[in-house]
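According to our numbering, the sequence shown holds residues 18 to 175 in order.
Read the hints as simulated data drawn from the structure, not as lab findings. Please note that the accuracy of each hint is not assured.
[To be verified] Here are the in silico distance ranges between beta carbons for each label pair:
1. Arg67 to Pro42: 29 to 35 Å
2. Ile23 to Phe48: 40 to 46 Å
3. Val35 to Ile90: 16 to 22 Å
4. Phe61 to Phe170: 35 to 41 Å
5. Asp51 to Asp115: 28 to 34 Å
6. Trp77 to Gln97: 17 to 23 Å
7. Leu76 to Pro111: 26 to 32 Å
8. Phe61 to Ser155: 35 to 41 Å
Glycine included, C-beta positions come from ideal geometry on N, C-alpha and C.
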Amino acid sequence: MADIHIDEFYRDSAIALVQLFSVFPRRINLFVEDIAGPDEPDEFGLHSPRHMACFGALLWLEEEGLLRYVDTIRQEALDQAVLTHKAFVRLNTPAPLDLTSRLDLPEPGVPGPEDPLPPSVRQDRSTWVHVLRQSIRSGRSSTLTTAMQAAFFAPIGN
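Please model the entire structure based on the sequences and the hints provided.
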């Protein structure tokens, strides 16, 4: 049986980290609905299990030292969230070139013959954050799961 909740955890975590990376070092409010989609609380004001799982993933990222925040906004957002040094360094680190072929993504640092890229663009496309962005865009949970596991289980510099 597939552990769908783990796939959703990887997706939510990747989206949150990419959102924070794209505005780094600015602090932002990180809304659960922007990550997991719209949610209507029930007649008792309780959020759906999907919403709460995403909120839990955000809290876990903080507990593991990947992001910081000032406070929660009910169970709807993290107030003034920012990446930690640990997450920023990891997302900026070059990913192994063979990873993109295993993920069935275009190789980030290698231009095609019809699309020569300047060195600065090739460098930007070789990072873990680019791999995560491409994995999110692919829409395949297996690709995103593999990318997240590779990004956060590999030692820095690999």
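Each hint tested on the structure:
1. Roughly 30 Å separates the CB atoms of Arg67 and Pro42, a value that falls within the hinted 29 to 35 Å.
2. The hint said 40 to 46 Å for the Cβ distance between Ile23 and Phe48, and at roughly 22 Å that hint is violated.
3. For Val35 and Ile90, the hinted distance range of 16 to 22 Å is satisfied, since their beta carbons lie about 21 Å from each other.
4. At about 39 Å, the beta-carbon gap between Phe61 and Phe170 stays in the expected band of 35 to 41 Å.
5. Between Asp51 and Asp115 the beta carbons are some 33 Å apart, a value that agrees with the proposed interval 28 to 34 Å.
6. Restraint check, Trp77 to Gln97: a C-beta distance of roughly 18 Å satisfies the suggested window 17 to 23 Å.
7. A hinted range of 26 to 32 Å holds for the C-beta pair Leu76 and Pro111, which are about 30 Å apart.
8. Evaluation of the 35 to 41 Å hint for Phe61 and Ser155 yields a pass: the beta carbon distance comes to about 37 Å.
Of the numbered hints stated above, the single one contradicted by the structure is hint 2.
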